[in-house]
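Engineer: Chains as they are written, first to last, in my numbering: chain A, 443 to 819; chain B, 238 to 627; chain C, 162 to 517.
These are calculated hints, taken from the structure and not from any lab test. Note that the structure is predicted; figures quoted are calculated from it, not measured. Just so you know, not all the hints are guaranteed correct.
Said to hold, decoys possible - The list that follows gives simulated cross-link-like pairs (lysine-lysine, DSSO-like), each with its CA atoms no further than 27 Å apart: (1) A/LYS538 - A/LYS470; (2) A/LYS485 - A/LYS538; (3) C/LYS407 - B/LYS437; (4) C/LYS192 - C/LYS504; (5) C/LYS508 - A/LYS566; (6) A/LYS580 - A/LYS538; (7) C/LYS508 - B/LYS437; (8) C/LYS508 - A/LYS597; (9) C/LYS407 - A/LYS485; (10) A/LYS555 - C/LYS504; (11) B/LYS520 - C/LYS177; (12) A/LYS750 - A/LYS784; (13) C/LYS504 - B/LYS520; (14) A/LYS566 - A/LYS597; (15) B/LYS520 - B/LYS437; (16) C/LYS177 - A/LYS597; (17) A/LYS597 - C/LYS504; (18) A/LYS566 - A/LYS555; (19) C/LYS177 - A/LYS555; (20) C/LYS339 - B/LYS520; (21) C/LYS407 - A/LYS555; (22) A/LYS566 - A/LYS538; (23) A/LYS566 - A/LYS580; (24) A/LYS555 - A/LYS538; (25) A/LYS566 - A/LYS632; (26) B/LYS520 - C/LYS508; (27) A/LYS555 - A/LYS580; (28) B/LYS437 - C/LYS504; (29) C/LYS407 - A/LYS538; (30) A/LYS485 - A/LYS470; (31) C/LYS339 - B/LYS437; (32) A/LYS597 - B/LYS467.
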Amino acid sequence: MNVQSNISATQSAPAEQRLVSETARSLKLQGLNKHYGPFHAVKDLSLEIEPGEFLVLLGPSGCGKSTALRMIAGLEDITSGAMVIGDNDVTHVLPKYRDIAMVFQSYALYPHKTVAENIGFPLKVAGASPAERDAAVKDAASQVQMEDYLHRYPKELSGGQRQRVALARAIVRRPAIFLMDEPLSNLDAKLRSFMRAELKHMQQTLGVTTVYVTHDQIEAMTLAHRVAIMRDGVLQQLGTPTEVYDNPANKFVAGFMGSPPMNFIKGSLSGGTFTSAYGQVSLAGYADHDNVSVGFRAEETSIAGPDKGHFSGIVFSCEMTGHETIVTCEMDDGHAIVRAAKDYSIPMGAEIHLTVDPARVCVFDESSGVRIRPETA
Amino acid sequence: MSLADNLADTARPEPRAPGAFRANRSFGARFSEWLDRHSRQFFITPAVVLILIFSIFPLVASLFLAFSRTRFRAGGYKSRFVGWDNFTKQIFGSEQFHFLGTFTSISLLGWAFGLAVTAWVIWAMAGYVRRSFTVIGFIGRLFPALMSICIAWMFAATLLSGNQFGTLGVTLFYVFVGCGVQFLIGLGLAFLCSQPIRGKNFFRVTFFIPLMITPIGVGYIFRMMADTSKGPFAEIWQWAGLGNFSWATDAWAARTFVIIGDSWQWIPFIFIILLAAFENVPKDYVEAAQVDGASSWQIFREITWPQVMPVAATVMLVRVIEAFKIVDLPNIMTSGGPGIATESMSLHSFYAWRALDLGQSAAIAYLLLFVTVVCCVSFFNLVVLNRVRG
Amino acid sequence: MAYRAPRIEDRGALAKWFEPPAIGAMAPGTKIIVYSLLAIWTLFVLFPIYWLLITSFKSAADVNNGPFFIPFVDYQPTLQAWRDLFVLDWQDTIRAYLNSMVIAVCATALCVLIGSMAAYALARITYRPNLVTILIFVAIAAGVIYTAFALGFDWRVSAAVGAALFFFLARAIGRRYKIHLGNGDILFWMISQRILPPVVVVIPVYMMFQSVGLLDTHIAIILTYAVINLPIVVWLMYDFFDSIPKDLEESAQLDGATRIMTFREIVLPLSRAGLAAVTLLVIILCWNEYLLALFLSTTEAQTMPILVSAMNAGERGILWWTMSAVIIVMIIPVIAMAAVLQKFISKGILLGAVKG
Chain A
443 MNVQSNISAT
453 QSAPAEQRLV
463 SETARSLKLQ
473 GLNKHYGPFH
483 AVKDLSLEIE
493 PGEFLVLLGP
503 SGCGKSTALR
513 MIAGLEDITS
523 GAMVIGDNDV
533 THVLPKYRDI
543 AMVFQSYALY
553 PHKTVAENIG
563 FPLKVAGASP
573 AERDAAVKDA
583 ASQVQMEDYL
593 HRYPKELSGG
603 QRQRVALARA
613 IVRRPAIFLM
623 DEPLSNLDAK
633 LRSFMRAELK
643 HMQQTLGVTT
653 VYVTHDQIEA
663 MTLAHRVAIM
673 RDGVLQQLGT
683 PTEVYDNPAN
693 KFVAGFMGSP
703 PMNFIKGSLS
713 GGTFTSAYGQ
723 VSLAGYADHD
733 NVSVGFRAEE
743 TSIAGPDKGH
753 FSGIVFSCEM
763 TGHETIVTCE
773 MDDGHAIVRA
783 AKDYSIPMGA
793 EIHLTVDPAR
803 VCVFDESSGV
813 RIRPETA
Chain B
238 MSLADNLADT
248 ARPEPRAPGA
258 FRANRSFGAR
268 FSEWLDRHSR
278 QFFITPAVVL
288 ILIFSIFPLV
298 ASLFLAFSRT
308 RFRAGGYKSR
318 FVGWDNFTKQ
328 IFGSEQFHFL
338 GTFTSISLLG
348 WAFGLAVTAW
358 VIWAMAGYVR
368 RSFTVIGFIG
378 RLFPALMSIC
388 IAWMFAATLL
398 SGNQFGTLGV
408 TLFYVFVGCG
418 VQFLIGLGLA
428 FLCSQPIRGK
438 NFFRVTFFIP
448 LMITPIGVGY
458 IFRMMADTSK
468 GPFAEIWQWA
478 GLGNFSWATD
488 AWAARTFVII
498 GDSWQWIPFI
508 FIILLAAFEN
518 VPKDYVEAAQ
528 VDGASSWQIF
538 REITWPQVMP
548 VAATVMLVRV
558 IEAFKIVDLP
568 NIMTSGGPGI
578 ATESMSLHSF
588 YAWRALDLGQ
598 SAAIAYLLLF
608 VTVVCCVSFF
618 NLVVLNRVRG
Chain C
162 MAYRAPRIED
172 RGALAKWFEP
182 PAIGAMAPGT
192 KIIVYSLLAI
202 WTLFVLFPIY
212 WLLITSFKSA
222 ADVNNGPFFI
232 PFVDYQPTLQ
242 AWRDLFVLDW
252 QDTIRAYLNS
262 MVIAVCATAL
272 CVLIGSMAAY
282 ALARITYRPN
292 LVTILIFVAI
302 AAGVIYTAFA
312 LGFDWRVSAA
322 VGAALFFFLA
332 RAIGRRYKIH
342 LGNGDILFWM
352 ISQRILPPVV
362 VVIPVYMMFQ
372 SVGLLDTHIA
382 IILTYAVINL
392 PIVVWLMYDF
402 FDSIPKDLEE
412 SAQLDGATRI
422 MTFREIVLPL
432 SRAGLAAVTL
442 LVIILCWNEY
452 LLALFLSTTE
462 AQTMPILVSA
472 MNAGERGILW
482 WTMSAVIIVM
492 IIPVIAMAAV
502 LQKFISKGIL
512 LGAVKG
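The task is simple: from the sequences and hints, build the whole structure.
Structural biologist: Quick look at the structure:
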């Protein structure tokens, strides 16, 4: 299966074409707060997730995304706010009454139970008859292609196989909501991109409501119907991957999404022109502002000839990755990264000139990080 | 292959209604539900109740016994409150020789030792007060300080003045000398066994055996060993001119003899835990030090020992706690004799009980508890916590 | 002075003997010292046991006529002692043996069950007992014991009055003060019970069992043994449970398992190794216990250690041959368990708790 085409096809799939399982429910978070003593881990988080939607909670470590997920699961008390699954208020309901399943970062497979026993455990707990259980276990195992491994123990499985067992254990019960806490972070890079595609495929075919926590923005971009980006317990932006990537709400989101992340240059705006120590670019329609930074993406920047282009910097390094060359220039306090053709080469320390696309440049208030939009659209 | 194909290809099972597997609400289910809601209490209550009944209640009741004179009568017992009588009898009264030892005039050596210890303790306390001072910390240190001064004078007046000391001294001798010897030998053996030797498992199992042998058995075995006329070492005793030597007449020989038996039994405990601790030290550290050219002794002192130290401190704490309870060995090996030379406080309390003097028995037991707690808490604070905090 | 790495030519004469030829090997001189020390200690450990073994096959004459070391060479082994033990006095021996077994097994089962439940609760559930309520409880308990012991009231009446008073005061006063203790305090309280010397508690325990007519019964000794070993179980199992990843239990919880089911299905099977080690340790401690049995049993519930120590009292002095045989009988099951237990310890299973 061509993973790439699959992902690009699903990314643009409109919501109404989405397959929704009969058991999938919507999830509403209304002003959730979490305090650990004086520490305010999650601040007033509100989200509405439709049935069958794949929502990714994205953010750096310690941003409160895992806490939010554990509150949804019922593993952490909700300090204040409300949470509704389907039509039921489950704010203060024990996890087992929420009809949710969760895949843990460590997979949390019970080491003393076989694959079949692991997958069947939720049903055993629910009091299903052995025959019913067997059928459901086989069914779930076949969906993750693990039906040949039912009698093995977790320690006899590879990382990817454990991952599949964890998935099977989560889907066997047909939960209303499906939670995943960085499920791919324990896999090596190659397996990770493969499992990513599998996960996406499975979520689409099953049509379960899924909340997925990760710090990896590529996972978020590729998997999500919508991405919720968090920082220090506060929701920064909620939108489809394309929206978030192209139209970041603030400097944090801009710097977090994309690989390489957006480049920033500090300077000031006056009379429709942005001026910095490294050059200037005319940005029509923006109001005057003393302290802004301008962000532009590596793929929207090109290398110009001598004395041309908008900005100039000193080459810091020049790396050939195979299908392109990545040039890092010293500029401002940090580095700006530009993509060039694979046969491009430039010595370290040389001066380099960059051209940006003024229409796609994002402007942020340097002190608050808030996006500044042009006054005349 | 497009997404639509994918969806069509995958045979999708019929979705079940949520909660389809919920069991019927039978009595069993409701009971387990109830139990689950009360699992907080359910898990911990049995242990708390048992400890309250069998530990805390007797502890309080024992305190009342220690302050009263109790006599068994037909169908029960009668007790009368006597205040501190039971304690004063032990410390100042007619039982003083038994508990503390025989006091006469203190010899010159005794004075020197007593004054030296007193001065040292006062100096250490003054140092503490100068460095940092909290009320709780001061009171906490006052107990062990006063106790060590009292014990120092007790030894000064008995041992160092040529007099017999009592069960308190004997118990402390067992605890400090016995545990010290056991720790050094146990540590040494563990270190030897952690070297790259052959037959490690053989030594490990062999050295572990004595710990498992019942203390009563150890007592009798060592009585056989020490028999100067029919024991295995009879010839050696005769050659040394001790053929008619009797353990039952020489106080120090008898005490040493008890300590040898105790060590034979308890060194394995220290050995086996420390060996596991040695083997748990990551190999990387040792190998890095070897590459840097450290000698075995340097590796032990700089790398292994700091890693093993917290374990060693805790093991010694456990060992000291158990050592204060010593009763089986002296009872079997010497019956506390000659005289009271090998009688531990536990044994002293037991003999008082056997003489149906419940008040005395409880008073001695409480004195033992006091000494144990002060020693163990001081050890814990000074050694275990200090070292762990580093 | 500039630092210079040592060279091989710098080795002294002694170094040839004491410098290891390779990493992970021993120098010949070190080898001699290490092995001879280990051999000496092996002898010191094994010789008393060997002597015990051969004495049990000696006749009275063999013992009394001086030390004989090697069976069949120095003396002719007999089964006299074993016959005395199992034919003449078989009733006493078998009864004590069975008593010991029943008591050790039941006490261990009770102790490990209750102890690991408490340890699990302390490792996973947050408790916040109110300090003031506890103080009220202690004061009332002391009052109840005082009235029952010293003033001679019926203990049932004073206990009932005390309980009523406690509930009243706990509601009236205890609730107003918000000084809470935590799990660490409860854990410390439970473990610190091990410091109590048995002689401190045994007399009231004796009186307690006497008043309910349970002296010299199995149940009295079982309960007492279970409680004195509880601190060990709580201590070691707390550490063990604490090291189990929380994920597993949370996952079971999400799957709808109750806490008790999680404990039974997930936690206990995962801690099998720790449980086995703790069980062996406690069973050995119960098997060997002497002082408490001395207080609480006379004939019916007499355990092996009491039987052995009672053999001291014969008018013919100690019959060393029979004594040796009975000690061997007593230590055989323990030695078998010890081999297994030492494996657990060397795997570091009991090490975690000791690390402090």
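Engineer: Now tell me, hint by hint, if it's right for this structure.
Structural biologist: Okay, the hints, checked on the actual structure:
Of the pairs offered as hints, the one joining A/LYS538 and A/LYS470 holds, with about 18 Å between alpha carbons and a cut-off of 27 Å not exceeded. At most 27 Å may separate the alpha-carbon atoms for a hinted pair to count; A/LYS485 and A/LYS538 meet this at roughly 25 Å. A threshold of 27 Å between alpha carbons decides the hint, and for C/LYS407 with B/LYS437 the separation of about 36 Å lies outside it, so the pair is violated. The straight-line distance between the Cα atoms of C/LYS192 and C/LYS504 is roughly 25 Å, inside the 27 Å bound, and the hint therefore holds.
A C-alpha spacing of about 34 Å is found between C/LYS508 and A/LYS566, which places the hinted pair above 27 Å, so the restraint is violated. Among the hinted pairs, A/LYS580 with A/LYS538 is consistent with the structure: their alpha-carbon atoms are about 23 Å apart, no more than 27 Å. Restraint check for C/LYS508 and B/LYS437: satisfied, since their Cα atoms lie roughly 14 Å apart, inside the 27 Å limit. Between C/LYS508 and A/LYS597 the alpha-carbon distance is near 19 Å, which keeps this suggested pair within the 27 Å criterion.
Restraint check for C/LYS407 and A/LYS485: the C-alpha separation of about 25 Å stays at or below 27 Å, so the hint holds. Distance restraint check for A/LYS555 and C/LYS504: the Cα-Cα separation of roughly 25 Å lies within the 27 Å cut-off, and the hinted pair is therefore satisfied. A threshold of 27 Å between alpha carbons decides the hint, and for B/LYS520 with C/LYS177 the separation of about 25 Å falls inside it, so the pair holds. The suggested pairing of A/LYS750 with A/LYS784 holds, with an alpha-carbon distance near 22 Å, which does not exceed 27 Å.
Simply put, C/LYS504 and B/LYS520 have alpha-carbon atoms about 20 Å apart, close enough for the 27 Å limit, and the pair holds. Restraint check for A/LYS566 and A/LYS597: the C-alpha separation of about 22 Å stays at or below 27 Å, so the hint holds. Taken as a hint, the B/LYS520 and B/LYS437 pair is honoured in the structure, with Cα atoms around 17 Å apart against an allowance of 27 Å. Proposed proximity of C/LYS177 and A/LYS597 is contradicted: the alpha carbons are some 48 Å apart, above 27 Å.
A C-alpha spacing of about 23 Å is found between A/LYS597 and C/LYS504, which places the hinted pair at or below 27 Å, so the restraint holds. For the hint linking A/LYS566 to A/LYS555, the alpha-carbon distance of about 13 Å falls within 27 Å, and the restraint holds. For the given pair, C/LYS177 sits about 55 Å from A/LYS555 by alpha-carbon distance, which is inconsistent with the 27 Å threshold. At roughly 49 Å between alpha-carbon atoms, C/LYS339 and B/LYS520 are farther apart than 27 Å, so this suggested pair is violated.
A distance of roughly 17 Å separates the Cα atoms of C/LYS407 and A/LYS555; the hinted pair therefore holds under the 27 Å criterion. Restraint check: the Cα-Cα separation between A/LYS566 and A/LYS538 comes to about 13 Å, which is no more than 27 Å; the hinted pair holds. Simply put, A/LYS566 and A/LYS580 have alpha-carbon atoms about 14 Å apart, close enough for the 27 Å limit, and the pair holds. For the given pair, A/LYS555 sits about 21 Å from A/LYS538 by alpha-carbon distance, which is consistent with the 27 Å threshold.
Restraint check: the Cα-Cα separation between A/LYS566 and A/LYS632 comes to about 35 Å, which exceeds 27 Å; the hinted pair is violated. For a cut-off of 27 Å, the pair hint linking B/LYS520 to C/LYS508 stands: about 16 Å separates their Cα positions. Taken as a hint, the A/LYS555 and A/LYS580 pair is honoured in the structure, with Cα atoms around 16 Å apart against an allowance of 27 Å. Distance restraint check for B/LYS437 and C/LYS504: the Cα-Cα separation of roughly 12 Å lies within the 27 Å cut-off, and the hinted pair is therefore satisfied.
Straight-line distance between C-alpha atoms of C/LYS407 and A/LYS538 comes to about 16 Å, which keeps the hinted pair within the 27 Å bound. About 16 Å separates the Cα atoms of A/LYS485 and A/LYS470, which keeps this hinted pair within 27 Å; it holds. At most 27 Å may separate the alpha-carbon atoms for a hinted pair to count; C/LYS339 and B/LYS437 exceed this at roughly 56 Å. Taken as a hint, the A/LYS597 and B/LYS467 pair is broken in the structure, with Cα atoms around 60 Å apart against an allowance of 27 Å.
Hints 3, 5, 16, 19, 20, 25, 31, 32 from the earlier list are contradicted by this structure; the remaining hints agree with it.
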